[in-house]
Structure formats: C-alpha cells, structure tokens
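**Q** Could you build all of it, start to finish, from the sequences and the hints given here?
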Amino acid sequence: MDLMSASQSGNTDFSRDHSHLAVLDDLDTMNKELVTLEEQFLRLGVRTHLLEVELATQFSPDLLEDQERAYETFQECELAVDEERQRVESLCTTGMEIEHCDGETHSPQETESFTLNKDMNESQPVEDHEISVQEKFDCEEQPPPLRSSPEASKDVEVENISLSSNLNCPLMSE
Numbered sequence: 001m002d003l004m005s006a007s008q009s010g011n012t013d014f015s016r017d018h019s020h021l022a023v024l025d026d027l028d029t030m031n032k033e034l035v036t037l038e039e040q041f042l043r044l045g046v047r048t049h050l051l052e053v054e055l056a057t058q059f060s061p062d063l064l065e066d067q068e069r070a071y072e073t074f075q076e077c078e079l080a081v082d083e084e085r086q087r088v089e090s091l092c093t094t095g096m097e098i099e100h101c102d103g104e105t106h107s108p109q110e111t112e113s114f115t116l117n118k119d120m121n122e123s124q125p126v127e128d129h130e131i132s133v134q135e136k137f138d139c140e141e142q143p144p145p146l147r148s149s150p151e152a153s154k155d156v157e158v159e160n161i162s163l164s165s166n167l168n169c170p171l172m173s174e
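For what it's worth, UniProt numbering labels the leading residue of the sequence shown as 1, then goes sequentially.
Everything hinted at is true.
Cβ-Cβ distance ranges computed for the label pairs, FRET-style:
| id | residue 1 | residue 2 | range |
| --- | --- | --- | --- |
| 1 | 35 | 71 | 36 to 44 Å |
| 2 | 53 | 28 | 32 to 40 Å |
| 3 | 70 | 30 | 45 to 53 Å |
| 4 | 90 | 40 | 52 to 60 Å |
The set of hints was computed from the structure by calculation and includes no laboratory data. Ideal Cβ positions, reconstructed from N, Cα and C, are used throughout, including at glycine.
**A** If you want it as structure tokens, here you go:
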C-alpha cells in the first residue's frame with residue numbers, strides 16, 4: 001500500500017508541476033500581451049494628441065496667424081542668411097582679407113580651397129574655388145572686421161560687415 005500511495009502522490013506532484021508550468025506559461029503570455037497593449041495604447045494616445053493639435057490649428061484663427069507669422073519670419077531669416085552668404089562669397093572673390101574670431105586673417109589667394117555652404121553638411125562650389133571648411137567657430141561675441149589685403153586697391157574703403165549674431169562663422173584653412 002505504501003507503494004501505491006507513493007506512486008499516486010508522485011503522479012499528483014507531476015500533474016501539479018505540469019499544471020504549474022502551464023499556468024506560468026499562460027501568465028508569461030498574458031504579460032507579453034499586456035506589454036503589447038500598453039505600447040499600442042501609448043501610440044494611440046500620442047496620435048490622439050497630434051490630431052487634437054492639428055484640429056486646433058485648423059480651426060483656431062489665432063494659431064493660424066501665429067503659424068503664418070512664424071513662416072514669414074522663417075522666410076525672412078532664410079533670405080538674410082542667403083544675402084550674408086552672397087556677401088561673403090563676393091568678398092572671397094574680390095581679394096579681401098577676413099579677420100576671424102580667433103584673430104587670424106586669411107585671404108582667398110593664400111588658401112588653396114575653402115568652403116561656404118548652406119547647411120554645413122553638403123559642399124557647394126563657388127565659382128572656380130573648391131570649398132572645404134576646416135574649422136567652425138561661433139562668432140556671437142562680435143562680427144569679424146574686414147581689412148584690405150595688400151593685393152587689393154588702396155583706394156577702396158572697406159566697411160565693417162556686421163553678421164547676425166545667430167550665424168556661425170566658417171573659418172578658411174590657413
């Protein structure tokens with residue numbers, strides 16, 4: 001009898017362990033589903049918020065006006081940056097020396113190659129010069145003063161060019 005009761009208790013333990021493992025597997029599956037549902041809920045919450053913002057901007061005249069003003073300001077800034085870039089390009093082609101933030105003075109004739117570009121990410125050649133930026137300093141303290149190079153005519157007066165304090169000043173190599 002002891003043998004029989006021992007075998008029955010062994011079967012009971014095995015079935016209990018087997019059902020316990022099945023419950024653990026079910027619990028693990030449910031936890032994974034719960035995490036997936038939480039992620040979906042968060043994504044839907046973000047989408048809902050974005051749609052609310054989009055609807056508010058479509059039907060609110062104040063927000064539309066602010067959006068239009070921001071776009072106009074962006075276009076004005078873009079135009080100012082383009083004008084400054086053209087001024088610097090013209091200075092580089094006329095033989096002017098530019099004193100940079102670090103106090104060094106460079107002229108295009110000394111430099112084999114230098115770069116002026118829109119995004120500082122993609123190079124754009126200017127006339128016959130190949131351009132590559134070696135260093136970049138932020139010129140927020142004061143705009144770089146300009147001086148005539150020995151090659152430039154002595155009759156030409158050079159005015160200081162004030163660059164916007166938000167612009168970064170690319171330095172020419174040597």
